[in-house]
Amino acid sequence: MIVLGILQYLQTLLTPSVLRHGIVALLVLLGSVIAGLLYTGRRHAVRRQLRQLRRVGVSPGQSNMSDQYDSRYDVPEGEGRPSIGRPVRIKAIYLHPVKSFAPVEVSRALLTKSGFMYDRCFAIAAEVTEPEPEPDSDPGTGARRKFWRFISQRTKPAMSLIKTELWLPHESSNPVDVLVRAGGCVLIRFPDPDRPTWPRRLEAFLHTWNPSLAPEFSFIAPLNPDHVATSPDGADEAALALRSFVIHGRTAQGLDMGAVSSVAQGLPRMKKFLGIPDSTPLTLLKCTPETLVRTTKNLAPLKHIGSPATHGYTDQQPVHLASLASVHAVANLLPRENQPLNALRFRANMWVTGAPAFDEERWKRYRIVRKNDELGTPTRARVDAVLCVVCRTSRCTMPNVDPDKGVFDTDVPAPNRKKGRPQPSTTLMEHRTVEDGNKAAMGYMGMHCVPVDRSLNEAQEQDADLYVHVGDEIEVLERGQHLYGSTGDDY
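Numbering (full-length UniProt numbering), first residue to last: 1 to 491.
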């Protein structure tokens with residue numbers, strides 16, 4: 001009876017007016033919580049720093065490669081162009097701001113002597129120890145040399161899940177903004193390896209409206225760190241040191257970005273995401289014009305390119321071109337469970353369509369004919385870029401990484417085997433070992449290219465830039481045979 005009396009009393013209090021005020025108060029409280037999460041969370045804090053910049057690239061959901069599996073791109077080897085009724089065109093362009101991270105798709109890109117601007121201008125490296133003591137060390141001490149070595153998807157396939165965004169100044173940018181002075185930045189984001197709290201989950205949902213999406217961690221890497229403070233309060237602007245590190249047996253150099261405050265905050269979380277031990281030093285390195293080096297293998301004739309080719313953090317050459325028809329041809333050879341084959345596993349800069357499979361392997365020189373000026377690049381030179389094709393791209397284990405899952409792919413194991421064979425490398429080695437120039441090659445796919453000085457110089461004379469657009473046409477100027485390493489190691 002007492003409980004019933006209390007309920008009856010409360011019912012008399014819940015008048016329509018009280019209910020309305022209660023609902024309003026609840027909505028205000030809920031709105032305050034949502035606003036607090038949206039405008040005080042790390043995601044907002046990072047994005048707020050980008051307010052004077054503009055994101056560069058193709059909008060999400062509008063990729064030029066969204067139809068890459070369509071059968072119309074399945075043009076068998078040896079089939080002539082007249083049968084498909086269209087010229088060879090550039091279908092898509094990709095930049096990889098950080099070596100081995102996910103790429104940025106763009107509708108146009110600026111071609112330079114050392115490749116496309118912003119492509120592979122950063123790399124991450126870890127300090128490692130030689131497995132054996134130095135030859136001249138005291139046997140009693142067992143001293144081993146420590147050095148820095150780049151990290152890639154070959155050993156850390158989850159790097160494919162680290163997304164990058166390219167943010168650059170625009171005509172309305174405030175010139176005193178710290179990131180505008182730095183020439184822009186790369187935003188690096190990846191799944192947060194820490195156990196997400198409910199506020200972090202709610203923040204992620206409010207930004208993406210995807211309840212299943214895990215919270216992300218993000219940080220900023222300025223493009224020109226000389227102009228960026230190295231402390232959170234902006235008081236310190238110490239010059240960044242050059243650090244040497246190893247890329248595939250060659251020594252490269254770069255500015256050590258680990259001293260930049262925003263990068264220093266992000267590296268420990270990235271280390272945890274990639275499963276790198278806390279005791280292993282990790283840093284981000286930035287290529288500069290002073291750290292570019294000459295290519296040393298598969299050299300293009302100077303009579304064509306003008307001066308020796310240079311590159312930064314690419315494996316070997318400045319530009320990588322590949323054909324979608326060639327990927328379809330390889331996909332048709334794969335086990336059923338490994339089809340279709342995502343072309344983005346091969347990390348090319350330019351994807352072309354309209355040529356039969358592997359036709360690009362006979363190109364020696366080609367011109368990129370300007371066709372798509374609808375993009376309205378105001379500083380685009382009235383010049384057609386010309387590139388020399390120097391060799392096939394020898395493949396390693398990286399194409400085995402599923403870029404959407406960050407894991408290595410295999411086929412279904414045979415009845416007498418516990419593990420499947422890595423794919424597509426097993427198929428590439430069996431069907432696409434079309435030369436013996438590189439004994440370590442796990443098959444070949446794509447072509448390495450070098451820009452020709454004449455095109456670059458003509459653009460400079462016009463006080464303009466040598467842009468390449470999606471939709472531009474490829475005109476093959478010279479054909480011939482390629483053999484990896486056949487041109488020697490010196491000009």
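Quick caveat, the hints were computed from the structure, so don't treat them as lab data. Among the clues, some could well be false.
Derived lysine-lysine pairs resembling DSSO-like cross-links, with alpha carbons at most 30 Å apart [as the list claims (entries may be wrong)]:
no. : residue 1 : residue 2
1   : K271      : K405
2   : K146      : K364
3   : K439      : K419
4   : K364      : K156
5   : K419      : K405
6   : K303      : K271
7   : K156      : K146
8   : K364      : K439
9   : K163      : K439
10  : K419      : K146
11  : K405      : K418
12  : K91       : K405
To see whether the hints hold, each was checked on the structure:
Restraint check for K271 and K405: satisfied, since their Cα atoms lie roughly 18 Å apart, inside the 30 Å limit. Of the pairs offered as hints, the one joining K146 and K364 is violated, with about 42 Å between alpha carbons and a cut-off of 30 Å exceeded. For the given pair, K439 sits about 25 Å from K419 by alpha-carbon distance, which is consistent with the 30 Å threshold. In summary, the hint linking K364 to K156 is not supported, as the alpha carbons are separated by about 35 Å, beyond the 30 Å threshold.
Taking the CA atoms of K419 and K405, the gap is about 19 Å. The hint holds against a cut of 30 Å. Between the alpha carbons of K303 and K271 the distance comes to roughly 46 Å, so the proposed pair goes past 30 Å and is violated. Proposed proximity of K156 and K146 is supported: the alpha carbons are some 20 Å apart, at most 30 Å. Distance restraint check for K364 and K439: the Cα-Cα separation of roughly 22 Å lies within the 30 Å cut-off, and the hinted pair is therefore satisfied.
Restraint check for K163 and K439: the C-alpha separation of about 33 Å exceeds 30 Å, so the hint is violated. Annotation: proposed proximity of K419 to K146 is violated, straight-line Cα distance about 35 Å (limit 30 Å). For the hint pairing K405 with K418, the CA-to-CA distance comes to about 22 Å; that is within 30 Å, so the pair holds. Of the pairs offered as hints, the one joining K91 and K405 holds, with about 24 Å between alpha carbons and a cut-off of 30 Å not exceeded.
Hint compliance for this structure: hints 2, 4, 6, 9 and 10 are broken, all remaining hints hold.
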